[in-house]
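Going line by line, the protein sequences match chains A and B. Sequential numbering from 1 applies to the first sequence in the numbering used here. Sequential numbering from 1 applies to the second sequence in the numbering used here.
Honestly, the hints are just simulated from the structure, not real lab data. No experiment lies behind these values; they were computed from the predicted model shown. Check each hint, because a few of them may be wrong.
[As the list claims (entries may be wrong)] Below 25 Å or equal to it, Euclidean Cα-Cα: the simulated DSS-like pairs (lysine-lysine) are: (1) A:98 x B:78; (2) B:62 x B:78; (3) B:15 x A:98; (4) A:69 x A:3; (5) B:15 x B:71; (6) B:71 x A:98.
[As the list claims (entries may be wrong)] Covered stretches of chain B, going by a simulated chain A footprint (3 or more residues, C-beta under 8 Å): (7) 42-55; (8) 106-117.
[To be verified] Taking CB as the label site, the calculated pair distances span: (9) B:117 x A:76: 43 to 51 Å; (10) A:66 x B:66: 43 to 51 Å; (11) A:42 x B:51: 26 to 34 Å; (12) A:41 x B:27: 23 to 31 Å; (13) A:23 x B:84: 43 to 51 Å; (14) B:53 x A:80: 41 to 49 Å; (15) B:80 x A:56: 22 to 30 Å.
We put the beta carbon where it would ideally sit given N, CA and C, even for glycine.
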Amino acid sequence: DAKTTQPNSMESNEEEPVHLPCNHSTISGTDYIHWYRQLPSQGPEYVIHGLTSNVNNRMASLAIAEDRKSSTLILHRATLRDAAVYYCILTGRSDTDKLIFGTGTRLQVFP
Amino acid sequence: EAEVAQSPRYKITEKSQAVAFWCDPISGHATLYWYRQILGQGPELLVQFQDESVVDDSQLPKDRFSAERLKGVDSTLKIQPAELGDSAMYLCASSLDAGGVVVTEAFFGQGTRLTVV
């Protein structure tokens with residue numbers, strides 16, 4: 001499984017945009033980029049995923065570099081409820097492909 | 001809204017005892033995952049099922065852990081005997097059959113927090 005690298009922690013103020021980076025220099029052409037987040041004392045929850053083009057949904061935006069070796073999860077206006085650990089995960093196109101979590105980025109949001 | 005159900009939410013057991021966790025995935029989800037999460041770390045995949053078949057259990061400590069999904073619906077994860085180092089959160093997740101296209105969104109349960117004393 002291709003690996004991802006994320007900063008251990010980041011901080012933001014409430015209502016400011018947050019850009020969470022992820023490096024995946026060994027990504028293959030068929031790997032999808034997934035983001036999950038885990039709020040305190042809860043199981044992870046899906047945030048967004050993409051392949052080549054930037055993606056938007058109600059939770060966040062995903063910006064993917066042209067060479068696909070990095071991506072950025074964008075929270076447009078951070079709230080206190082966005083304080084969580086954010087995981088960037090690569091998965092392939094096989095039935096047996098797995099969600100392998102790293103250590104993620106712990107996001108702190110200050111009022 | 002459909003969700004993955006896990007029980008119990010909390011379990012305290014003595015070392016060398018047996019313990020079991022139960023997971024009921026979202027209806028129609030063919031793929032089921034069991035993860036173990038030690039405090040401060042990311043979830044570690046223990047076993048993945050596709051319907052009733054084990055797809056991957058390479059990280060499952062098979063001398064003491066077992067997992068089954070007999071009818072391809074709900075699943076049980078068992079530890080026997082439990083050791084102090086097994087204290088962790090055990091998470092279950094499910095997703096639709098990927099069908100060889102892409103791993104679809106996985107839905108996680110609230111987890112079972114196990115404490116071995």
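Run through the hints listed earlier and report the numbers of any the structure violates, in increasing order. Violated hints (numbers, rising): 3, 5, 13, 15; every other hint is consistent with the structure.
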